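Protein chains: 2
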Amino acid sequence: MAYDGTNFAGFQIQPNQRTVQGVLEKAINKMSKLDEYITVHGSGRTDAGVHALAQVAHFDFPHEISAEGMLRGLNSMLPLDCEITACEIVPDSFHSRFTTHGKRYMYRVSRGRYTNPFKRFYTGHYKYPLDIDRIKEAMPDVEGTHDFSSFVASGSQVKDHVRTIYEATVREDKANDEIIFEFYGNGFLYNQVRIMVATLLEIGNGRRDVHDFLRLYEVKDRSQARETAPASGLYLKEVYYD
Amino acid sequence: MAYDGTNFAGFQIQPNQRTVQGVLEKAINKMSKLDEYITVHGSGRTDAGVHALAQVAHFDFPHEISAEGMLRGLNSMLPLDCEITACEIVPDSFHSRFTTHGKRYMYRVSRGRYTNPFKRFYTGHYKYPLDIDRIKEAMPDVEGTHDFSSFVASGSQVKDHVRTIYEATVREDKANDEIIFEFYGNGFLYNQVRIMVATLLEIGNGRRDVHDFLRLYEVKDRSQARETAPASGLYLKEVYYD
Numbered sequence: 001m002a003y004d005g006t007n008f009a010g011f012q013i014q015p016n017q018r019t020v021q022g023v024l025e026k027a028i029n030k031m032s033k034l035d036e037y038i039t040v041h042g043s044g045r046t047d048a049g050v051h052a053l054a055q056v057a058h059f060d061f062p063h064e065i066s067a068e069g070m071l072r073g074l075n076s077m078l079p080l081d082c083e084i085t086a087c088e089i090v091p092d093s094f095h096s097r098f099t100t101h102g103k104r105y106m107y108r109v110s111r112g113r114y115t116n117p118f119k120r121f122y123t124g125h126y127k128y129p130l131d132i133d134r135i136k137e138a139m140p141d142v143e144g145t146h147d148f149s150s151f152v153a154s155g156s157q158v159k160d161h162v163r164t165i166y167e168a169t170v171r172e173d174k175a176n177d178e179i180i181f182e183f184y185g186n187g188f189l190y191n192q193v194r195i196m197v198a199t200l201l202e203i204g205n206g207r208r209d210v211h212d213f214l215r216l217y218e219v220k221d222r223s224q225a226r227e228t229a230p231a232s233g234l235y236l237k238e239v240y241y242d
Numbered sequence: 001m002a003y004d005g006t007n008f009a010g011f012q013i014q015p016n017q018r019t020v021q022g023v024l025e026k027a028i029n030k031m032s033k034l035d036e037y038i039t040v041h042g043s044g045r046t047d048a049g050v051h052a053l054a055q056v057a058h059f060d061f062p063h064e065i066s067a068e069g070m071l072r073g074l075n076s077m078l079p080l081d082c083e084i085t086a087c088e089i090v091p092d093s094f095h096s097r098f099t100t101h102g103k104r105y106m107y108r109v110s111r112g113r114y115t116n117p118f119k120r121f122y123t124g125h126y127k128y129p130l131d132i133d134r135i136k137e138a139m140p141d142v143e144g145t146h147d148f149s150s151f152v153a154s155g156s157q158v159k160d161h162v163r164t165i166y167e168a169t170v171r172e173d174k175a176n177d178e179i180i181f182e183f184y185g186n187g188f189l190y191n192q193v194r195i196m197v198a199t200l201l202e203i204g205n206g207r208r209d210v211h212d213f214l215r216l217y218e219v220k221d222r223s224q225a226r227e228t229a230p231a232s233g234l235y236l237k238e239v240y241y242d
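Protein chains in written order, with the UniProt record's numbering: chain L, 1 to 242; chain C, 1 to 242.
Some clues are possibly wrong.
What the hints assert, rightly or not - Across the chosen pairs, the derived CB separations fall in these ranges:
| hint | chain 1 | residue 1 | chain 2 | residue 2 | range |
| --- | --- | --- | --- | --- | --- |
| 1 | C | Asn186 | L | Val90 | 27 to 35 angstroms |
| 2 | C | Leu214 | L | Ala67 | 17 to 25 angstroms |
| 3 | C | His41 | L | Thr169 | 41 to 49 angstroms |
| 4 | C | Met77 | L | Tyr128 | 18 to 26 angstroms |
| 5 | C | Lys30 | L | Arg226 | 47 to 55 angstroms |
By construction, these hints were calculated from the structure, which means they are not laboratory data.
In this text, all values refer to a predicted model and were calculated from it rather than measured experimentally.
Note that the Cβ used here is the ideal one computed from N, Cα and C, for glycine as well.
Okay, chain L solo, but in the shape it has when bound (with noise of 0.2 angstroms):
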């Protein structure tokens, strides 16, 4: 499914908070009719404000219906924010979340000197200077196995900081005056691509040195890289599985 992030309070269900997992779970239950409740499971949440252009969730329908007549019907009640762009019926050992090996994250960065009203809502605006070839220089030290420590927000629960990053890069957009990341990794921590975004930009910038990545990795400091890009730049992208 794709989802305009902005107006929900995340994926995952809160009360009273308006959720992607919440829309989805309404219609879902609208469409089975039953006293049972249906849960929708997500490849993985995602927060306030931030999109997807390819989020996957699985769930157990009791009734038969094609995978066309639940495109249809999930469709003709979820929101317009919320677009479910396809529909497979999967085996039971299928788990969005379980069986996932992969993901790709994109962040659009805006340039100018002020927001784009536009943009406010899709991108993370920078209006500082950047020099690219030095983000550019940087990225290869994104990629491999590292200890993220460094990169994963306080609140986090999660103890191991090990992830993969297969593919990190950036191009630019100059005909929008954007700079477009990419990271397809095993599995991310929480806040980790807005917080590598806001480092990349600080060593765009000169703020930071350019191999500073290589520092982060060993002082596993979340205080050493100190900004997070904001959530409206980040799009989840695709989920990979077999």
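Given chain L's structure and the hints, the job is docking chain C onto it.
Only chain C this time, still in chain L's reference frame:
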């Protein structure tokens, strides 16, 4: 100025409504710090939900201030969905509405089976099949001097419906699955662009004759051009002065 029209009840100031003119006048009057109220004059109104890439407005400011100082000051006080993109000190003879001799509007049509969540406020969605060649064949009929009585919203007070369109184009943005219309003319009637776009889409869908515009100019009957494309796809792209 550029503004995202989504959360504005249009350009023109109205009591108890959030309007572009309203937020502008609030910012300017805060800067002037005088009792005398400063009114902003726009080049024309835009409706609720209609966007602007380059709206123009003027006002008389009672203090000495550089254009650069005004640009900074206003942007620091304006909400993020309205951005002053340029500021100039103009002669007293300039009037943003009375001295304009043309405007350019753009209309973005998004395609696809369902509305893309990221485009719901920024395009008009058309899910039916379209033959772009039929639309291209119709575009020259839109250009020229015509009586646009069939294309004016019924609420309009304006009596003279003759306008000149210097240029009317359509192009496909295949990467984004959109169709982009542009109309450059000496002036536009209330809802004219949105009614013309809806009519052109019906031509593209085969529900109207390719040259139906010629008939519609003759009949001068609003009920014949039935639909009005949504405000969300419309952008005021340029306002022309000498």
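### Task
Mind listing which of the numbered hints don't hold for this structure, in increasing order?
1, 2 and 5
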